[in-house]
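Enquirer: Residue numbers (this note's numbering), protein chains in the order written: chain Z, 1 to 368; chain L, 369 to 736; chain R, 737 to 1375.
Calculated directly from the structure, the hints in this document are not laboratory data. Note that the structure is a prediction, hence the values are computed from the model and not measured. The reader is advised that the hints may include incorrect statements.
What the hints assert, rightly or not - If the Cβ cut is set under 8 Å, some of the chain R residues that face chain L in the computed set are:
#, residue
1, Q743
2, K747
3, P799
4, P866
5, A878
6, M971
7, T1070
8, R1115
9, A1118
10, Y1243
Unchecked claim - To list a few chain L residues with every Cβ distance to chain Z over 12 Å, as calculated:
#, residue
11, D404
12, K418
13, M490
14, V547
15, P549
16, I564
17, E578
18, R601
19, D609
20, G667
21, A718
For glycine and all other residues, C-beta sits at the position ideal for the given N, C-alpha and C.
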Amino acid sequence: MDDAVLVTTIGATPWYENFWVHLAIGAVVAIAFFFFFIVMYIWTERRVIGLFQGRLGPNRVGPLGLIQSVADVIKVMFKEDIVPDKSDKLLFWLAPFMAFVPVMMILAVVPFSENFQIVNLNVGILYVLAVSAISSIGVFMSGYAGNNKYGLIGGMRGLAQFISYEIPLILSLASLVLISNTFSVNGLVQAQTLPNILMMPLAFVVYFVASLAEISRTPFDIVECDSEIVAGFNIEYSSMKFAMLYLVEYGEAVVTSVLVATLFLGGWHGFFIDGPIPLIIKMVLVFLFILWIRATLPRLRVDQSMGFCWKFLLPVALVNLLFTAARMTFFPDLSNWIVIPASFVFTAIVIYLFAGLFKPGRKVAEND
Amino acid sequence: MSLRTEEFVVNVGPQHPSTHGVFRMRFTLDGEIVKDVEPIFGYLHRGVEKLMEMRTYKQGIPMTDRLDYVSAINNNWPYVLAVEELAGISVPQRAEFMRVIMSEMQRISSHILAVGSQMNDMGSFYTVFMYMFREREKLTDLMEMVTGQRMMYNYMRFGGVSMDFPAEFVPQLKKFIKVFPKYMAEYEDMLYDNEIFLARTKGVGCFKPEDAINISTSGPVLRSTGVDYDLRRDKPYSVYDKFEFDVPVGKNGDVYDRVWVRMEEMKQSVRIIEQALDMMPGGNRFCSKVPVALHIPEGFTYKEIESPRGMLGCYLESDGSDKPYRCHFRAPAFINLTALKTMLVGQKLADAIIIFGSVDLSMGEVDR
Amino acid sequence: MTRHFGQGMLKGMKVTLKNLIRGPITTQYPEQKLNLAKRERGISLVWDKDKCIGCYTCESACPHGSIHIETESTPVETGNTAPCVKKCPAHVDAAKYVRAIGQGDPSEAVAIIRERLPLPSVCAYICAHPCESACSRGSIDAPVAIRKLKRYAIENEDGSWMKNVKNKPASGKAVAIIGAGPAGLTAAYYLLRAGHKVTIFEDLPKPGGMMLVGIPRYRLPEDILMKDVKVIEDMGCEFKYNTRIEDPQALLKQGYDALLLATGAHEAGGLGVPGEEDPRVYGGAYFLKDVTFGRNRPIGDRVVIVGGGNTAIDCCRTALRLGAKDVRVLYRRTKSEMPADPLEVEDAVDEGIKFQFLVSPVKVYDENGQFKMECQEMRLGAEDASGRRRPEPIPGSNFVLDVDTVIPATSQYPIVPDSFGVTKDRSSRIQVDKEMATEVPGVYAAGDNVLGPATVIEAVAQGRIAASSIDKYLGGDGNIEEHLAKGLPLPEREGAPSSEYLHKFEYIDEERRHNTFDSVELSWAKEVAEAEANRCIRCDLKYPVTKYELKGGQCIYCSLCVESCPFDALYASNEYERATYTVKDQTLDKEYLGAAPKSSYFHPELDETLPEQTLLLNLDKDIPEPKEEAAEGEKKEAK
């Protein structure tokens, strides 16, 4: 194993600092974290969306309905596992895993605190991007394999959307890498003495919107889109395979909120204490914001979603990259007191300009 | 170079979240674009018209409730009017006002359902729906106060109405009409300024006034195209000539206009209720006792009213016995549905769903 | 204004946030106690075994066949009075005699009628039959044709009622009755039974009063009238015709111990418009009277009758029989507001009389020898005290009719000379007390001169009361009850009452109907009459219900059964509570309403003028009591 690629966070002296032991402990903690938060996110989503809508949400199973998700998982496990007769059996079996495993793998490079990270990969950002792209193949596979037209439409829509939104996503991360001078995720966090959201709000906006589309959440949930194509790619799935696809959805939400918290909100940096607690608080806040959006907005149409990506996000991301590159080239040592207001002003101007130019609907005679 | 593409056929319905009942459309899709649509209905056919021929006139009233279950009171009306004309029964003024008040309440509650579920089709995940249902719940409660039922009110009778307003009803209704417009302002904030809503609705499913008249559509679908025709104003029945109200008329005949017309009509209904409450005279709710097996002299008549979905007509023919010889309903939603193909072809699949939703049909009425 | 992408979405997010802060409106029932209004909810139907008589009305009313009843075939007496009997002014036991006809015994039926009605033949032809409008069968399809059945009984009796007649010994007192109309004849009959000597003074040359001159012969043939009068004559009543009594006090001095004024209401009201003095305006009551004695003025071809009562219908049909070609009736309201018997209106329409509704005369005048009548169209306005909608003229809708005769049939009133010495009201009706006694001792009054223009059966009812009180005045016990019927076993019935609809009335042929005064209606055959009588649901009996099944799964809670039950034996229970506004909801509306009202149901704006809730159900206990509300309000304040 090459030291340049894999570095344990602390020197290799006692037994517990052995690489394999560390990996095992880290994996257990990460997977526990992952599943715990998936379950909690499902509960949070149902409760919070309910509250947004003036409902109560699930409140019967356990205190405050906390173990509702557990009950649902138990129910779903005992459902009959139906495999459609004319489906592509191999892909049908494979798809949930293809979608599920990469999502979980992303957590490997997320630093939970300064010293605790499963793998401190020096190309962590590239790893995240590469691995998350695999998940979209899983989604398409599941849509295709079920031999269902709704599923196929959903899968196609998903694939198109994921590929498109990767680009602004990558571009906004590139600007991040530019100012932090590192590809390592932990390095990025360590570099954030002030959170990146303050340093480059435009990149944050682009990243956040693009990752909403990546995890197909409102207003970009055209993959599932239950009012049109019923449940989209997972329509033919049942039982545990369905549960896995369902978990993918929330797993992505967990991972995305963790990444947003890590990359833009200072990760494990906290106001008083550093470590996992500030990280968790931040990721939950990010998730609540996602829920707020979901509670408010209707869904874009598939072509409008694409248009939004290519006509709005991509140019904005490019401008942002150029601007950041220019700043790092010409004024590398500018004081934060200048950079923060300047970048907010810049963000406001860019969004204002591009938002004025961009119009999602087709043109009609104005009614009012 | 062009890729070889293939059209494919998708069945939407009869079990589908957005078909508002059990309606089925067979879409021929080219990618996302609808090339052809074939509406298939009859899944909810219960033979109501035939059932009414086998029941006495009075027993027919609960049958009419079940035509358009979303606006049951409006459905009582043309039938009751027809019987009253044939049998020469007169209606006391108080009962006329009570009918107007109840049917305008029903109109509001029906439009709430239409707009709310329209937003659902658009992917707004029940938020607007739930907010609007908060108001609808009050209406339903108020109507339950009077009739003892929440859906199949079975309210109108020949020569009057089944029950008088209870003492606590009028103050509560006054309170409701005072509060309701302010909640309406909130919904408008959520709809009319929302770019995604505008992008999804403006210029979608455009429908020309000539087509609308040729297909003989009625109700909001007709008025959204700019044809200014409302039976309540143009052929006033009951006591509608005593009220002052506007008929909202759209311009483009798109989904936006249909939603707008419905929202405006709710406000106008509130106006009518306000005036009706002020003008309501005392007296009886009944002119005389009508027997269960009312015998009607030979003859036929056609009566129509403006239901929330359009012109609802009832053709009634009597052969002198206690049962109708023929009872036919001109169901507005059924005729509006025939406009579907004109609106849908050439649109995206996602739009097709919301256009379909904007026609606002209830299958009970279409299939009868 | 260019709108920038994103602004509106933020606005929407503001609204959702606002609603998040408001908190949920749904509730965790039953954990969270709700502030609920208690109210009826048509959920569980309750059947009252005691009130139910097993008439199967609810079963026939149910649109889904979800009610199933089984009854015993033997009835029991309940002691209830049937609505027809209650409604009849003379309380003739219609329920009983209809039953007797159904059992095939018309003589028994006549005996039952005779117990309370000394003019059965007259009533069999022309009674206004209030019993039929009260008939419980009317809530199923149509009321039993009680009058028609009575006619069948009268025509087929054998006179066996006479066997049970009991006359009291002669008292030696003499009573003078002025007027041989229904009230006078009735009183005479019962006073004779009580042993008094009765003399009837009549202005006209024949007996009958209004029955003779107010009712055309095609409705009441003279021999039928005379049949009833003859019974009274045979009992020893003395008739003095062509005798007009001006001073009743003189009669008392002549040796009569008591006096009954039954002079009727023979004067016709005018048209009430300019020009009504013209001789071609012919008061309805005068017209009918003149026709009776064959001394009527010629009426020409075009006759217009103004009014909508029974007199108007009598006039128009009489005019038709006198040869008028164009007979029309003007009425200022609509058909459904007409006070006339709908069946007679139908007959009139059948005979070719034209009805013009919502029309009122403005004036009548002569133009070059042609009599003309200007009319005005009306529309119905607000309801008046009687619940009928008041007609209002439509300005500028006047039109002119060419007529030969105008017959106003709008009103009739009695003329009581001042020499009678009794108190009168504004419509010159005699004021009497409950006993029919005037202020003058020994002088009683009954009939139309007390009631104003009314029906024969009402006059009979008053005649009965007057007879009873005169008997008491003369020293008798005042008991005029008779027991003529021999009594029949209660009729058995399997299952529901006959489901047949009202049997058809047969008429004489059109030729005779148009040109002669022959009686229009034909009699019923035995089978028809018995079938019609068996339509009666027998409200005064009870067929005990052995099984009452309400199929809950089928029931749609349409409440048609509850509405149709003639005896209130079915009602919806109030076991279920329901929500109007929850506590949370109230606080929500506060934002827009200002201060929340103290309680959710009691409101200061509560409209006092609204009538009490007239549900079919007994709701009294469910209207929130103000006491509780106040207490709740105090509690809230205390907190």
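Enquirer: Indicate, hint by hint, whether the structure satisfies it.
Expert: Going through the hints against the structure:
Hint status for R:Q743 relative to chain L: holds, with the closest Cβ pair at about 7 Å, below 8 Å. Because the beta carbon of R:K747 sits about 5 Å from the nearest beta carbon in chain L, less than 8 Å, this interface hint is met. Interface hint at R:P799: satisfied, since its Cβ lies 4 Å from the closest Cβ of chain L, which is below the 8 Å cut-off. The closest approach between the C-beta of R:P866 and any C-beta of chain L is roughly 14 Å, which is over the 8 Å cut-off, so the hint fails.
Evaluation of the R:A878 hint against chain L yields a held restraint, the C-beta minimum of about 7 Å falling below 8 Å. For R:M971, the interface hint is violated, since its Cβ never comes within 8 Å of a Cβ in chain L; the closest pair sits about 42 Å apart. For R:T1070, the shortest C-beta to C-beta distance to chain L is roughly 6 Å, which falls under 8 Å, so the interface hint holds. Taken as an interface hint, R:R1115 does not check out: its beta carbon lies about 12 Å from the nearest beta carbon of chain L, beyond 8 Å.
For R:A1118, the shortest C-beta to C-beta distance to chain L is roughly 6 Å, which falls under 8 Å, so the interface hint holds. Annotation: interface hint on R:Y1243 violated; nearest CB of chain L at approximately 17 Å, more than 8 Å. The claim that L:D404 is not at the interface with chain Z holds, since no C-beta of that chain comes within 12 Å of its own (minimum 15 Å). Distance check on L:K418: its Cβ is at least 34 Å (rounded) from any Cβ of chain Z, clearing the 12 Å threshold; non-interface status holds.
The claim that L:M490 lies off the interface is violated: its Cβ sits roughly 4 Å from the closest Cβ of chain Z, which falls inside the 12 Å cut-off. No beta-carbon of chain Z comes within 12 Å of the beta-carbon of L:V547; the shortest separation is about 15 Å. The beta carbon of L:P549 sits about 19 Å from the closest Cβ of chain Z, which is more than 12 Å, so the claim that it is off the interface holds. Distance check on L:I564: its Cβ comes as close as 5 Å (rounded) to a Cβ of chain Z, failing to clear the 12 Å threshold; non-interface status is violated.
Listed as outside the interface, L:E578 is consistent with that label: its C-beta sits roughly 17 Å from the nearest C-beta of chain Z, beyond the 12 Å cut-off. Every Cβ of chain Z is farther than 12 Å from the Cβ of L:R601; the closest lies at roughly 22 Å, confirming the non-interface assignment. Once the 12 Å rule is applied to beta carbons, L:D609 is consistent with being away from chain Z; the minimum gap is 30 Å. With a closest Cβ-Cβ approach of about 47 Å to chain Z, L:G667 is found to remain outside the 12 Å limit, as its non-interface label requires.
Against chain Z, the non-interface label of L:A718 is violated: not every CB pair exceeds 12 Å, the least being about 5 Å.
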